[in-house]
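Enquirer: If you read the protein sequences in the order shown, they are chains A and B.
By this note's numbering, the letter at position 308 of the first sequence is numbered 308, and the numbering carries on one by one without gaps.
By this note's numbering, the letter at position 391 of the second sequence is numbered 886, and the numbering carries on one by one without gaps.
None of these hints come from the bench; they were simulated from the model.
Do not take every clue at face value.
Stated by the list, open to error - Derived DSSO-like pairs: lysine-lysine, alpha-carbon spacing no greater than 30 Å straight-line:
hint : chain 1 : residue 1 : chain 2 : residue 2
1    : B       : Lys665    : A       : Lys450
2    : B       : Lys529    : A       : Lys450
3    : B       : Lys529    : B       : Lys873
4    : B       : Lys687    : B       : Lys997
5    : B       : Lys940    : B       : Lys873
6    : A       : Lys162    : A       : Lys151
To be verified - Derived CB-CB ranges, DEER-like:
hint : chain 1 : residue 1 : chain 2 : residue 2 : range
7    : A       : Arg364    : B       : Thr709    : 52 to 62 Å
8    : B       : Asn602    : A       : Phe438    : 30 to 40 Å
9    : A       : Val423    : B       : Lys873    : 51 to 61 Å
10   : A       : Asn157    : B       : Trp530    : 52 to 62 Å
11   : A       : Ser458    : B       : Asn568    : 45 to 55 Å
12   : A       : Thr475    : B       : Asn568    : 15 to 25 Å
13   : B       : Ala953    : A       : Ser458    : 34 to 44 Å
14   : B       : Thr910    : A       : Leu206    : 52 to 62 Å
15   : A       : Val423    : B       : Asp699    : 22 to 32 Å
Claimed, not checked - Some chain B residues well away from chain A (every beta-carbon gap over 12 Å; in silico):
hint : residue
16   : Leu533
17   : Asp553
18   : Val562
Where a beta carbon is used, it is the ideal one built from N, C-alpha and C, also for glycine.
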Amino acid sequence: MNPVFDWHALAPDVIVVATIVVVLVVEFAFPHQARTQTSRIAAIGVLAALVPIVSLATHENEAREMFAGAYAVDNYALALKAFFLVVTYITILLAVDYIDEGDYYRSEFYFLLLTSVLGLMVMASARDLITIFIALETISIPTFILAAFRKHDRQSNEAGVKYYLIGVLSSAIMLYGMSIIFGLTGTTTLAGISDAVAVDTTTRPLLAVAMFLTLVGFAFKVSAVPFHFWAPDTYEGAPTPVTAFLSVASKAGGFVALLSIIFFGFRSPNAADLWWGPVWILAVLSMTLGNLAALRQTNIVRMLAYSSIAQGGFMLVPFAAAGIAEANGEPFVADTSFEAVVIYLLIYGAMNLGAFAVVIAVARRTRSAEISSYSGLFETSPVLAVTMTMFLASLAGIPPLAGWFAKFVMFRSALEAGGPWGVSLAVIAAVNSVIAFFYYAGVIRVMWFKAPATEDRSPIQVPGALTGAIAITATVTFVIGVYPQLFARVGELAF
Amino acid sequence: MEWSEWALSLAVFIPALGAVVTMLIPRAQEEAVKWVALVTTLATLGVVVGILVDFDYDKSGQLQFQVNNDWINVINSRYHIGVDGISLPLLALSAFITVLCVIYSWNHWPEPHNPKAFIVLMLVLEVGMNGTFVAQDLILFFVFFEIVLLPMFFMIGVWGGPNREYASIKFFLFTLFGSAMMLLGFLAIYFKGPNTFDIVALSDWAGQDLTHSTAVLIFGAMFLGFAIKVPMFPFHTWLPDAHTEAPTVGSVLLAAILLKLGTYGFVRIALPILPEAAEDWAPFIGLLAVIGIIYGALGCLAQTDMKRLIAFSSVAHMGFVMLGIATMTSFGINAAIFGMVAHGLITGMLFFVAGSVQHNFHTREMSRLGGLLTQAPKMGWILGFCAMASLGLPGLAGFWGEFPALLSAFEPLSTLSEETFRTYMVIAAIGTVLAAGYLLWMLSKVAFGTPKAEFADAEIHDVNAFEWTAWLPILLLIVALGIFPNLLFGVTDDAVCVMTDKISEQVGADSTCDEGGDTVPVAEHE
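Required output: the full structure, derived from the provided sequences and hints.
Expert: Take a look at the structure:
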């Protein structure tokens, strides 16, 4: 049987591959002058890949499945691919000056970044355990190297090694779980698994073990407590643009994988019963411990690392809610919960990238990531201080900034699932969102309430690319906060 | 486009436009910033005055100037705004006080100066305040309710007193906790109820198909949100800190408007949507209100700082408002709304005076002050006038907030326990005596006697032109409302009656409105 290639559907991924190749070729075959342009090439390639996504989205709505159902290009995949590409574009904006000025290996950086993005693109379409696994590895392996990109910095090396070891360990655990699932169901396609687990009740204990192992693997990837300990060290040691990418794109990759597996493979009440409990616990632990640990941080990157662990916990809330709803036989309720995950991811991407953009901008002057180095930022660089305040307030979920809507759909899914477990989850999340404000406010206080620490009170110069990144993310954060319908519609279309 | 469709949106969003314009002005051009602020707030007030003129007072029980547009379809939340007799006075109060705050600020910039940022925050604050009073959708209400948090956080934290960091974060965390719980309550209503966030539709539904225990729980969640904002005892501890540390204008806005968001929430949302649960909670709310009255008054007597004393008096006054609401009668709720407006004017005014005293003496310690009447007689008299108004002297606005609230407790809703509320009434009456005590004590400390040695030769400015411009309208209103309470009762009464009749019907109690809809005794003596 010859595989069918739907080139229109594959176009976004093909463009990314082509860009990777061009970046590589330019690096070894062209003179030095051309090599400085690889960041532009990468950015243009990423934007070009958005074109077929738009044409596919506006095209007649047909299910495009390839390779025996292992690869699908539907609205769900398109929405997430577009998200990943935009995140990558912003990451490139964050990285351009950092890489140029740091005298790091230019083209290799963009080569590795785009390879990771290719994994993300495949992940959005993957409907098969093996494809998902390959996508996940394609996402991860380049980022191990990216995390250690500051070659002469011991912290960066530590970051890379830690990330690598944990990544390999989690892959192994996940793969073991997947192999049991394959053994029980005799198929690797999610659709086939879904059919098999819906009827078979004899193998439940083993299925429970398999699901648990798979979940643990993903818990490592999305740094959910208690599998989170690598994240703060890796985030702190890695180059900051890479940290931004890890905390948004790579984390989102893990969530998308989890979402696909659950949404396409384990939705039946029979299976949902098995996984919502562990997810509930992961959500509660991540929110609570992530927040409590973040309270004690004095380094802003570490604080954002713990904050992203807590945010990951918030994102797991709709998962648990969906499981509760499915177990109760309310698939429509579960649908809105899955939408909530996607909406949360989109909004989280904008606000977290924005926060990192400001961190990078400030570090250009201060060469420091200590929160105390932000003192008096409102006096010296009011625009940076105000945008940072926006991003942090948005992360805390204060209206009218986008974060409130993310929190809202999260609360909504938990309460809609209802029952003692749903309601208690919502209350725990509510208390946590109050705790979270305390450490976000800590940074805000330093920026606004303290006098500048240094004599130099001239405004921080922000290069064009970074300004663009801040402007884009700030605009999204504000517009979506005032009119959330825009993103909500994307979430609705995806399912 | 019709004016009536745009009026309310203009009243809410003109300040937002002003904030954007202010942000674009370079920081050094302070005059331009001030003028933009003045024009913006005056334009907003102008729109509100237009609404006051066009408002159909014969139908004050109905929502007017309604707009009901799509907003977030996915969650079924709509941009639904409108005003009735309950929200109109508060909207007017908010627009009015903000203008006066801008005028007062003209030459009273708290350190560290920066009028531009201060004005932007004040204008954003106004968006939130005006929006909360017109929102007719729970989610819209929630968003506006929260918008006020950040500007006030910065006002206290940047321009506040020595302990400002602690006070600002305490203010924020308390209210954020409350509103998080309130949001959960809103969502629970949505899913347990008719799947809408529309306040009008939900008031018609009135919790019909909820089990009793669920309704009581949901009411509890909303109670937390509103009670912390009011603030009721025992959630009041953020208030003295916030007030003491806040700059003058921050204190004024906090006392005059922000506290009303909580009590307004009870009247607009909690009571009409869940009347039966409210009936269960009423004795408890009444109890906390009465404790607040006594505790606030005793707290006042223990203060040495003038602003802190006024802050504690707010706890006591809001206790009277909540007592009125807890009776669930049209009489009590009319009194409560009057109390909100009166407290907004009087306490706002007291904070203005306290601010100017501090501006002159650089201290608010009452043991160091004295003889204000000899050094700055006009200011001294104004302080005396406000103290009288605050303690509820008949003929001034404070009386009509306090006295009817007490009276209403004499006869609460027929299904509530009369004994309980009459006991509350007696205890609250003691509170009025204490109020006279602490206010006169403050007055004698600050205004009477001779100036202390350290200030004997100090050059003290009496009330200046800006202060007169900002204060005179408030003073006149305090007198006007005191002499003609029907100016306000006439607006609120119909709206309150429509609401309480629904509540009475729902819980099976007797109507508390007369045939003609007039419940307020003064209305009969016209």
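Enquirer: Which of the stated hints cannot be reconciled with the structure, identified by number in ascending sequence?
Expert: Violated hints: none; all satisfied.
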